[in-house]
Structure formats: C-alpha cells, structure tokens
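Novice: Be aware that the sequence shown starts at 4, since it is given in the numbering used here, and climbs by one per residue.
Keep in mind the hints are simulated off the structure, nothing from the lab.
Please read all numbers here as calculations on a predicted model, not as lab measurements.
Note that the Cβ used here is the ideal one computed from N, Cα and C, for glycine as well.
Some clues are possibly wrong.
[Stated by the list, open to error] Heads up, simulated DSS-like pairs for lysine-lysine below, C-alpha to C-alpha not over 27 Å straight-line:
1. LYS108 x LYS160
2. LYS30 x LYS42
3. LYS108 x LYS161
4. LYS42 x LYS62
[What the hints assert, rightly or not] Cβ pair distances, simulated, as ranges:
5. ALA91 x VAL144: 22 to 28 Å
6. LEU89 x VAL33: 57 to 63 Å
7. VAL144 x PRO29: 51 to 57 Å
8. PHE63 x ASN32: 36 to 42 Å
9. ARG135 x ILE41: 31 to 37 Å
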Amino acid sequence: MEIGSGPSSRHHPQPSSQIHKVERPPKQNVLTEFQTVIKETFFHDEPLRAFRGQRSHTKFYLVLQAIFPILEWARSYNLQKFRGDLIAGLTIASLCVPQDIAYAKLANLDPQYGLYSSFVPPLIYACMGSSRDIAIGPVAVVSLLIGTMAQNEIDPKKNALAYRRLVFTATFFAGVT
Numbered sequence: 004m005e006i007g008s009g010p011s012s013r014h015h016p017q018p019s020s021q022i023h024k025v026e027r028p029p030k031q032n033v034l035t036e037f038q039t040v041i042k043e044t045f046f047h048d049e050p051l052r053a054f055r056g057q058r059s060h061t062k063f064y065l066v067l068q069a070i071f072p073i074l075e076w077a078r079s080y081n082l083q084k085f086r087g088d089l090i091a092g093l094t095i096a097s098l099c100v101p102q103d104i105a106y107a108k109l110a111n112l113d114p115q116y117g118l119y120s121s122f123v124p125p126l127i128y129a130c131m132g133s134s135r136d137i138a139i140g141p142v143a144v145v146s147l148l149i150g151t152m153a154q155n156e157i158d159p160k161k162n163a164l165a166y167r168r169l170v171f172t173a174t175f176f177a178g179v180t
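Can you make the complete structure from the sequences, with help from the hints?
Specialist: So this is what it looks like as structure tokens:
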C-alpha cells in the first residue's frame with residue numbers, strides 16, 4: 004500500500020456554506036491597542052465578571068469566596084473526607100515534628116519556632132488557598148540560608164530578640180512574594 008493512498012488521505016471537498024472568512028479586526032489607535040494588550044495580559048480571565056449584575060450582598064459573598072476559598076468547598080466537606088484528612092495529617096505530623104525542630108536549629112532559633120512554622124502556614128493556607136495538593140512549611144535549605152544570613156547581621160546569642168525579629172521579617176517577606 005502506497006503512502007497517500009489510504010482513505011484518510013483523500014481530499015474531501017467542503018461545501019462553501021461551511022467556510023467562514025475571518026475579517027481583520029478594525030484599526031485601533033495606539034493607546035486603545037495598548038490598553039487592550041495590557042488588559043489581556045494581566046486580566047485575561049476577567050476576574051470581576053462574576054460581580055456584574057449581582058446584588059450588593061451577593062457581591063460581598065463572592066468577594067469573601069475569592070479571598071477565602073474555604074467558604075466554597077466547606078459546604079461539600081463531609082465526615083469521610085475529614086477522616087482521610089485526619090489520617091494524612093497525623094502521618095505528616097509524625098514526620099514534621101522532629102524535622103521542623105531541626106530546621107529551627109539550622110536557623111539558630113528555639114525549637115518551638117520550628118513547630119510554629121509547620122502548623123501556622125498550612126492552617127492559613129487551608130483558609131485562603133485553593134490547591135488541594137500542596138506542601139507548605141519550612142525546608143532545610145531556606146532554614147540554613149536564613150540562619151547564616153541573619154547571623155551575619157545580628158548575633159543570635161548577644162541579641163536574641165533582634166535576631167528573631169530579623170528572621171521573622173525575612174520569612175514574612177519571603178512568604179508574601
């Protein structure tokens with residue numbers, strides 16, 4: 004059998020009624036075209052579309068849902084999902100407790116700060132995040148880097164309070180960005 008002789012290679016003419024010509028878009032001035040490009044670049048999904056034509060209390064609830072996705076999925080959360088989440092949480096916690104204490108030591112901090120860093124960020128993300136599968140918390144490289152960099156600025160033994168403030172500020176801004 005030759006290449007090009009099979010049934011899929013035959014040319015099937017289409018009726019002209021199914022062919023649509025696309026015209027060029029109307030000419031815009033430079034400012035309008037620039038605004039369109041910026042809008043499509045930064046707001047390509049039109050995040051405010053859901054708010055159009057809604058009552059004010061509905062808009063308020065939609066804004067809350069956008070900020071706190073937990074309000075959307077909590078309605079369908081049930082005991083079976085909780086049981087699975089509890090087992091997963093206890094399993095992860097059994098690994099995280101010693102690991103996060105070690106990460107705090109790498110950053111020249113007291114052990115309780117490692118435990119705080121493994122508990123607070125996931126709790127905040129559970130309320131404000133939208134991904135179902137994500138790992139949040141301290142990591143060895145960042146703990147080591149922040150400990151080394153902050154120690155170059157402030158001695159953790161001489162001025163522990165200023166050192167903690169510097170580390171907390173750095174981790175806050177690293178987490179925000």
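Novice: Has the hinted range 31 to 37 Å been met by the Cβ atoms of ARG135 and ILE41?
Specialist: At roughly 32 Å between Cβ atoms, ILE41 and ARG135 fall inside 31 to 37 Å, so the hint holds.
Novice: Does the structure keep LYS108 and LYS160 at a Cα separation of 27 Å or less?
Specialist: 13 Å, holds
Novice: Given the hinted pair LYS108 and LYS161, is their Cα-Cα distance within 27 Å?
Specialist: Holds: LYS108 and LYS161 sit about 17 Å apart, inside 27 Å.
Novice: Is 36 to 42 Å a correct range for the gap between the Cβ atoms of PHE63 and ASN32?
Specialist: Hint holds: Cβ distance 38 Å, inside 36 to 42 Å.
Novice: Given the hint of 57 to 63 Å, check if LEU89 and VAL33 actually sit that far apart at their C-beta atoms.
Specialist: Once the Cβ atoms are compared, 59 Å apart, the range 57 to 63 Å for VAL33 and LEU89 holds.
Novice: Evaluate the given range 51 to 57 Å for the C-beta pair formed by VAL144 and PRO29.
Specialist: 53 Å, holds
Novice: For a C-alpha distance cap of 27 Å, please report whether LYS42 and LYS62 respect it.
Specialist: 22 Å, holds
Novice: Given the hint of 22 to 28 Å, check if ALA91 and VAL144 actually sit that far apart at their C-beta atoms.
Specialist: 25 Å, holds
Novice: Would the hint linking LYS30 and LYS42 be met if the CA-CA limit is 27 Å?
Specialist: The given pair, whose Cα atoms are some 18 Å apart, holds under the 27 Å limit.
The earlier numbered hints are all upheld by this structure, with none contradicted.
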